[in-house]
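Novice: The hints should help you fit chain B onto chain A, whose structure is shown.
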Amino acid sequence: MITTLAIMALGAVVLGAALGYASIRFKVEGDPLVEKIEAILPQTQCGQCGYPGCKPYAAAISAGEAEINLCPPGGIDGVRKLADLLGREVKPLEAEEKPKQVAFIDEQTCIGCTLCIQACPVDAIVGAAKQMHTIVEPLCTGCELCVKPCPVECIFMQPIAENIDNWKWKYPVIEIKRAA
Amino acid sequence: MLQQLFSFKGGVKPQTRKAPSVQSPIGQVPMPLRLYVPLHQSLGGAPNPLVQAGEQVLKGQVIGAADGWMSAAVHAPTSGTVLAVEQHVAAHPSGLPTLSVVIEPDGREQWIARTPLDHRSLAPERVRELLRDAGVVGLGGAVFPSHAKLTAARTVPVEHLVINGAECEPFMTCDDLLMRERAEEIVRGAAIFRDLLAARRVLIGIEDNKPEAVAAMQLAVRRLGEDHEVVAVPTRYPAGGAKQLIRVLTGKEVPASKRSTELGVQCFNVATAYTAYRALAHGEPVISRIVTLTGNVEQPRNWEVLLGTPMRDVVALGKPKADTSRYLMGGPMMGFEIGDLAAPVVKATNCIIAGSPNLFPPNPPEMPCIRCGACADVCPHELQPFELYWFARARNFGKTQEYHIFDCIECGCCSYVCPSHIPLVQYFRFAKSEIWSREKEKQAADAAKARFELRNARAEREQAEKAERLAKAAAARTSEKKVAPAQAETVTSAALPAAEAAPATDAEAVRKAKIAAAMERARAQRAAVLPRNTEQLTAEQKQEIAAIEARRLALLTSAAQPAGSPPEALTIPEHPTE
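Protein chains in written order, with this note's numbering: chain A, 1 to 180; chain B, 1001 to 1578.
Bound conformation, chain A alone (with noise of 0.2 Å):
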C-alpha cells in the first residue's frame, strides 16, 4: 500500500517537475495564431478594418473580436485563407473589392504641408517642409491614409495599370459559341 502510493508520488513528482521544466525550455513567445493570421493580411496598415494596423486586426480576430470580412485591401481571396486557417465560414466582404492602386501626388499643386508624410504608414512619401512631396510608387501599399490629410486636395489614388512586367496569364475562358 506505502509502496503504491510511493510510486505514484514520485511519478508525480517527475512528470511534473518535466512538465514545469519543459514549460519554461519550450516556452512560446507571442501568440502564433496572430502572426499566421497577421501573415494572410496584406500589411496595407490602412485601417480601413477599424484597428490601426494590420497587427491588431490579427489580433482581434485570434481573439474572436473580429469578423474576418473586414480587411478589403485582402479582397475575398484573404477571407477564404482566413476561414480555411481559422476553420470559419467565408463571409462576403463588409466593403466593395477595388482594384489595387497607388497614391499620386499632383506636385503642381503641392504646398509642401508634410501632412501626408506623418500619416503615411509605410514611409512611402519623400519630402520635406515647403518642398514638394512625392510618392514612391513600389513602396505605396495604396491604404488611401495620405488623402485626407491633405488640405490642398492634390492626392488622388490610381488604379496600377497592367504594364508587361505585372502581365498575368488569364484564366482560360472557353467561348461556347462565337459570336456572329
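Derived by calculation from the structure, the hints in this document are not laboratory data. Cβ atoms here follow ideal geometry from the backbone N, Cα and C, with glycine treated the same way. Honestly, I wouldn't trust all of these hints.
To be verified - Distance condition first, Cα-Cα at most 20 Å in a straight line; then the derived SDA-like pairs of lysine to any residue:
#: 1; chain 1: B; residue 1: Lys1440; chain 2: A; residue 2: Gly75
#: 2; chain 1: B; residue 1: Lys1319; chain 2: B; residue 2: Gln1028
#: 3; chain 1: A; residue 1: Lys168; chain 2: B; residue 2: Asp1340
#: 4; chain 1: A; residue 1: Lys36; chain 2: B; residue 2: Lys1440
#: 5; chain 1: A; residue 1: Lys170; chain 2: B; residue 2: Lys1319
#: 6; chain 1: A; residue 1: Lys168; chain 2: B; residue 2: Ile1435
#: 7; chain 1: B; residue 1: Lys1442; chain 2: A; residue 2: Val102
Claimed, not checked - Label pairs and their in silico Cβ distance ranges:
#: 8; chain 1: B; residue 1: Asp1407; chain 2: A; residue 2: Val90; range: 28 to 34 Å
#: 9; chain 1: B; residue 1: Lys1009; chain 2: A; residue 2: Phe26; range: 43 to 49 Å
#: 10; chain 1: B; residue 1: Gln1052; chain 2: A; residue 2: Val90; range: 30 to 36 Å
#: 11; chain 1: A; residue 1: Thr114; chain 2: B; residue 2: Lys1514; range: 32 to 38 Å
Specialist: This is chain B only, laid out in the frame that chain A set:
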C-alpha cells in the same frame, strides 16, 4: 563512333510540316523603314537605354547596356538615326508595349569598329563578358543569357557539351537551314563553348528528320578537324527540350532542383553557338536572326531578319493567303498568338506561322476531364497534368506546387492528346503566373510590414525623446523658480553648476569609453566579413579590387604608425574640466 542513345518518357509525334519552308535557302529581308528594337530581349535585368532621340548610331553599336551580370546587351541592327526611345508593342503574349529604340535606317550599313578576337588568347572571364556585351542569348526561344551558362560547376567537371539542333517543334526549320548553310560557324562556336567549359565531349544532337543538316554538320566537323560527334536522334516531340535532349544523348536525367552543370552537362542551341562565333571571331554582336515564315503563306521560307523589323514586313514577304486569320510566334505547340503585327522580331522569334481556320481549326469546347491519364502518359517530365489541371482550375495553387507545376516546360503534349480538348497548358501558365505574382505581393507586404514597424519604433523613440526634453525643461523651470526667491544664497547657487559638472564629466567619460568600445567592435566585425559573390568577377574587376585593397592597406599602416601622438591631442579638451 557509335553513340548509345537513350529515350525520354512521354512525348508525342505531331505532323512535322517542315518540308515547305526548306525548299529555298535563307533569304535576306530588305531593310524596313523603321526598326523598333525592344531593350528587354533576354531573361534577367532590362538593359538601360544608352541612346537618345536624334542620335546617330552605327550598325552594331550598343544601344542598351546589360543590366548586371544576368542580362545581355542590345545593339543597333543597322546604322541610322534614333527617332525615339519610347513604348512600342512587344512580341509578347500580352501585346503590351515595352521600352524600345526606334531607328530610322540610313541605308549605309556602316559598322562599328569590329575586332576579331581569338577566344583562346583571352581569359575565360573576358570571353564571357564579351559574349554578354555582344548580346549572345539562347536563340532556341528561352533567350537565357549564354555567358551565365558558361561557368562550370566548381566540383563537377563538364563531361558533355550538348549542342541542340533537334528543332522538334512542327513547322520550324530555322535551325535546320542554319545547320545546312552555316555549319562550319556552328562547329567553331561549339568549340568556343567547349573550351570555356573545358568539356570533354561535344555532342551535336539533330533529329533524324533532318538528314541534310546532319550531313552538313558532319562534313563541317570533319573539315575543321574537330572531334565533335554529330548524333541523329529519333524524331519525337519534345526531343529538343534541353532536359530531354540531354537525357537522349547522355542518359543523364537532370532533377528538378539541380542545374545540368551539376551533372556535368551543359546545353546550347545551334544558333547560339553560331552567334557566339560571329561575336568573337568577327566582332559582330547579335543584330539579326533566322526566322521561319511558314503556315498559310504562298512562299514559306527562312529569312535572316534584323532584330526590330516589324513582323508585318516579314509576313508580307511570304504573301499570306487570303483566309489567314491569325499569326503565331514560335511553334504551334509552344508558341503564342501575335495580336498586332507591328510587334518587332526579337531574339526569341524563331518562327512566325500564319494560321487559318483550315490549318488550325478552332479548339472544340472544353469537355469535362475524364481522368483517362493520356496526359500523364505523354508528359515528358513525368508530371500528372490531370491533377495539376484539377488544382489550377480550382485556383488551389499550393496544391499545384505540391504536384510540381514549376517542372512543367509547357511543351503542350498534354493539351495535344487530351480527348476532352482541355487547354491544359493555359491552365498551367495561369497558375504559374498567379503564383509568381502572389510571391511578389507577399514580398512587398513583408517589406511594407518591416517599414511600418520601423516607423512605429521611430515614432515611439521620438515621443520618448520629446517627453524627456519636456521633463528636463520643466525641471529647469522649477529649479529656476526655487533659485529666484532665494537670491541671497549666492554661494549655494554658484556651487550648483560645479557640483553638476563633476558627475557630468564622469558620465561623459563612460560614454566616450562606450563609443570607443563600439567602434572597436565594428572594426573587428568589418575585418571578419569576407567578400562574397566574387567568383563571377571579370579580370578587370579583380584587378580593381586588388588595387583598392593595396591602397587601403597603405592607409591602415600609415594610420597605425603615428598612433602615439594624435589621441593625446584629442584628449586635451577633457583635462581642463578636471
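Novice: Please flag the earlier hints that this structure goes against, numbers listed from lowest up.
Specialist: Violated hints: 5, 10; rest satisfied.
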